[in-house]
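The chain contents come next:
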Amino acid sequence: MPMPGRHFLKTTAVLCLLSLFASGCWDNREPEWLASSLLLAFDLDEENMYKAIVVLANPLFQGGGDVGTGSGGGGEKLPFWVHSARGRTPFEAVLNLSQGTSRQIRFSHILVLLFSERLARAGIWPVLELFQRHRELRANIQTAVVDGDLEELLRADFPLEFLPSTAIDRLLRITSIERSIIPDSRLLTKFIEFTRPGEEMILARLKVLSQEAGQGKQGEDQQSQGQESPGQKHPPGAPAEVTGAAVFRGEKMVGWMDGHETRGQNWIRNTLERGAVIIELPGKKGLATIEIIKMQSKIEPKINGGEVMITVEIMTEGRLQDLVVSPGETPRLDKDFDQTLENRFAESIRRECERSFARAKELKADIFGFGNAIYRRFPRLWEEDLAGRWEEAFCQLSVEFLVEAPIKRSGMIFTSPPGK
Amino acid sequence: MTTEKIHNRQLVFMLFMIRSTVTIATLPVLTTGTAEQDAWLSAIVSLPATLLTILLIGGLAVKFPEETVIEYSRKLLGKTGGTIISFFFLWTFLYTAATEVRIYAELLNTGLFPLTPLIFLVSSMVLLAAVAAVLGIETIARTADALIFFYIFFITASLLGAVKAFDHINLQPVLSRGFGPVFSSALTPAALGNQSLVLGILVPTLTTPRKAVTSAVLAALLSGTVLILSSITVVGVLGPKIGSSSIFPFFLMTRAIEISRFIERIEALVVIAWGMGIFINLAVFLYCGARGVSQIAKIHDYRPLIGPMAVLWVILSVHTYDDLLDLVKFFQPQIFFPYSMTTTILPYLLLWAAYLIRHAGRGEKKYIKKRRIKPG
Chain A
399 MPMPGRHFLK TTAVLCLLSL FASGCWDNRE PEWLASSLLL AFDLDEENMY
449 KAIVVLANPL FQGGGDVGTG SGGGGEKLPF WVHSARGRTP FEAVLNLSQG
499 TSRQIRFSHI LVLLFSERLA RAGIWPVLEL FQRHRELRAN IQTAVVDGDL
549 EELLRADFPL EFLPSTAIDR LLRITSIERS IIPDSRLLTK FIEFTRPGEE
599 MILARLKVLS QEAGQGKQGE DQQSQGQESP GQKHPPGAPA EVTGAAVFRG
649 EKMVGWMDGH ETRGQNWIRN TLERGAVIIE LPGKKGLATI EIIKMQSKIE
699 PKINGGEVMI TVEIMTEGRL QDLVVSPGET PRLDKDFDQT LENRFAESIR
749 RECERSFARA KELKADIFGF GNAIYRRFPR LWEEDLAGRW EEAFCQLSVE
799 FLVEAPIKRS GMIFTSPPGK
Chain B
90 MTTEKIHNRQ LVFMLFMIRS TVTIATLPVL TTGTAEQDAW LSAIVSLPAT
140 LLTILLIGGL AVKFPEETVI EYSRKLLGKT GGTIISFFFL WTFLYTAATE
190 VRIYAELLNT GLFPLTPLIF LVSSMVLLAA VAAVLGIETI ARTADALIFF
240 YIFFITASLL GAVKAFDHIN LQPVLSRGFG PVFSSALTPA ALGNQSLVLG
290 ILVPTLTTPR KAVTSAVLAA LLSGTVLILS SITVVGVLGP KIGSSSIFPF
340 FLMTRAIEIS RFIERIEALV VIAWGMGIFI NLAVFLYCGA RGVSQIAKIH
390 DYRPLIGPMA VLWVILSVHT YDDLLDLVKF FQPQIFFPYS MTTTILPYLL
440 LWAAYLIRHA GRGEKKYIKK RRIKPG
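From first to last, the protein sequence lines are chains A and B.
Residues 399 to 818 in the numbering used here are what the first sequence spells out, letter by letter.
Residues 90 to 465 in the numbering used here are what the second sequence spells out, letter by letter.
Hints were generated in silico from the structure; no laboratory data involved.
Quick caveat, the model's predicted, so the values are computed rather than measured.
Backbone N, C-alpha and C define an ideal beta-carbon position, used for all residues, glycine too.
Be careful, since some hints might not be right.
What the hints assert, rightly or not - Facing chain A, from chain B, some residues (calculated, C-beta under 8 Å):
{"#": "1", "residue": "138"}
{"#": "2", "residue": "199"}
{"#": "3", "residue": "200"}
{"#": "4", "residue": "220"}
{"#": "5", "residue": "223"}
{"#": "6", "residue": "261"}
{"#": "7", "residue": "265"}
{"#": "8", "residue": "330"}
{"#": "9", "residue": "331"}
{"#": "10", "residue": "344"}
{"#": "11", "residue": "347"}
{"#": "12", "residue": "353"}
{"#": "13", "residue": "355"}
All chains should be modelled from the sequences, with the hints used to inform the complete structure.
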């Protein structure tokens with residue numbers, strides 16, 4: 399076949415010529431001209447302008463060594479820089495960031511998206527929308543609402559991390575695994591919660607702690623008094639903690655929930671990972687800590703005489719972690735006592751769920767997705783009747799919590815060894 | 090002119106890639122109708138329609154195992170009628186491929202290269218396909234052989250990566266609004282069966298033409314499976330509302346998932362797989378288009394036609410649609426379904442009618458010669 403052969407030569411020649419252009423694409427962005435943003439936060443100022451705050455990783459920062467001492471001599475650079483700009487839309491605010499930045503900002507490595515309380519109360523959907531539309535922003539990141547001063551939080555020094563972005567990212571992930579006192583903090587699930595019928599958004603709450611207060615708590619130990627330099631500060635306390643949640647109705651935040659109430663929400667929605675329940679021993683003899691090992695829950699809607707009812711079935715398994723009793727009064731750990739503990743464990747879980755439900759009713763926000771469960775089971779009923787008036791119907795909804803909570807293991811020891 | 094032969098297996102691979110690429114591109118079951126969480130049902134519903142289209146096109150093709158649709162349409166409808174009908178098919182080859190390369194270029198422009206001119210993206214892809222088409226259908230088929238492994242691997246990896254973020258609640262309630270929305274979403278995917286028109290040109294090049302229908306059905310079943318799995322996964326991860334309001338749902342889904350703390354951002358896999366699919370797609374359509382034109386114009390070799398056709402292709406691709414919204418509108422069921430009916434199904438019904446009238450009394454033996462040619 400002579401034809402393909404000749405053509406092949408020609409095309410190869412063309413391709414070789416084309417490769418001249420490929421020596422560097424013409425829109426090249428050299429790394430030296432770029433700065434990566436790791437955290438994006440949005441606030442709303444007094445004139446209702448969006449304010450974008452970004453944490454930029456400083457490419458000039460030399461990691462390792464003696465950062466804490468920060469002598470400030472010569473070209474010593476901080477590991478990150480917090481920069482902010484305003485705009486009428488979230489995207490304009492983000493664009494305006496470049497006015498004060500000497501490098502082009504890249505947004506593809508963002509770990510965390512934060513909202514100020516003020517913006518959350520005004521509505522966060524414009525920002526969430528931007529995160530779906532923009533080609534560098536994506537949904538596989540963590541998100542939270544900040545309770546306190548946003549900029550103070552971002553400028554704070556997290557003792558174990560160089561960057562506040564990493565710190566907040568890890569704080570959110572670790573807390574939700576270890577304690578379950580915050581709701582699911584992935585941005586993707588927030589998109590879904592917002593778009594699902596009969597379900598409201600719930601974001602984690604990031605509480606800013608005053609650094610001074612932290613120092614005060616730890617200030618009285620003698621070690622630091624013995625030290626000579628007056629400039630040497632006490633080790634600071636934690637600059638922030640995550641606990642509780644911001645509850646939304648539609649795109650607007652309507653109130654806070656504390657850690658217990660949020661965990662109640664996690665019980666109901668089957669998003670609880672780990673945690674501990676403290677129960678009182680019978681006869682007020684002491685306290686016991688039960689760690690939650692496994693957990694499964696299910697929302698079951700049913701129609702009972704024209705009324706919609708919800709049953710929440712919670713199946714969990716506990717493990718006795720400690721027993722705070724005076725050594726003389728150690729209870730015998732027999733089947734009976736175990737039964738009592740189990741009853742109290744289940745009762746404690748039920749109360750937590752009810753507390754959470756009561757708070758949600760107070761805020762008129764169905765964060766559990768009860769409405770969604772009804773929509774899934776009885777779509778007709780939902781479309782024709784409930785969809786339009788779910789807010790009030792939710793407040794009159796009766797929910798039954800069925801908890802099954804065996805305590806199957808008690809750690810390394812069977813019962814407390816008796817004291818003398 | 091040497092006769093080129095491709096194996097039936099290669100036809101399966103090519104048809105599979107051509108059809109699945111549409112799935113990972115715009116996922117029409119989710120983006121065109123109103124099925125939302127029932128998109129996977131639409132995918133199932135559209136499958137029999139696709140199979141019918143294949144029977145219609147492939148069934149006639151195996152009756153003329155040594156001729157292309159251009160040749161036997163002249164036999165069946167006379168010279169003028171056959172030529173007019175052939176233009177419908179040639180138009181579909183030209184237009185489908187131009188549209189698909191445009192969608193790919195739009196994705197690259199939206200998601201990855203915002204400043205690169207559209208014409209550059211389109212023409213580089215068409216140039217690649219043109220080189221392949223000049224080298225012949227054997228070369229294209231062997232490329233499909235080589236790429237199919239990566240293609241399947243990348244798609245499987247993106248679907249498996251989504252398992253962690255998958256939430257079955259997003260798929261409920263099932264059929265809450267009856268079958269109406271399900272059918273509305275099934276129309277465009279069913280109409281996309283017009284891609285099977287390539288059978289009309291490719292069947293004579295097969296080593297076993299009488300099994301062409303079996304091969305095409307196999308390819309349709311495989312790509313149907315990909316379509317069903319993808320629609321379940323995308324809806325399960327993104328939810329029906331976000332999924333159906335996105336332009337490239339599969340791409341958006343892979344952007345949103347995180348396999349582990351260290352493996353994320355797997356959307357590159359999708360774009361690569363898509364690129365492979367588009368390459369095969371374009372090369373096959375360009376080949377079929379050029380073969381068709383050469384037979385109508387009675388040109389001995391189709392190869393000299395490919396250069397000019399490729400240029401036309403680029404221009405059509407860039408100028409047919411002003412913007413992405415035009416593209417989205419074109420695939421709406423009320424436009425695309427009638428379009429595909431007129432350009433594909435109606436001409437074939439006409440051909441079938443002519444065939445049945447001409448051969449009703451005489452029996453079918455005349456054109457069916459069972460034969461087997463060893464692969465060249």
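Hint check results:
{"no.": "1", "hint": "138", "result": "violated, 27 Å"}
{"no.": "2", "hint": "199", "result": "holds, 6 Å"}
{"no.": "3", "hint": "200", "result": "holds, 5 Å"}
{"no.": "4", "hint": "220", "result": "holds, 5 Å"}
{"no.": "5", "hint": "223", "result": "holds, 5 Å"}
{"no.": "6", "hint": "261", "result": "holds, 4 Å"}
{"no.": "7", "hint": "265", "result": "holds, 3 Å"}
{"no.": "8", "hint": "330", "result": "holds, 4 Å"}
{"no.": "9", "hint": "331", "result": "holds, 6 Å"}
{"no.": "10", "hint": "344", "result": "holds, 5 Å"}
{"no.": "11", "hint": "347", "result": "holds, 4 Å"}
{"no.": "12", "hint": "353", "result": "holds, 6 Å"}
{"no.": "13", "hint": "355", "result": "violated, 10 Å"}
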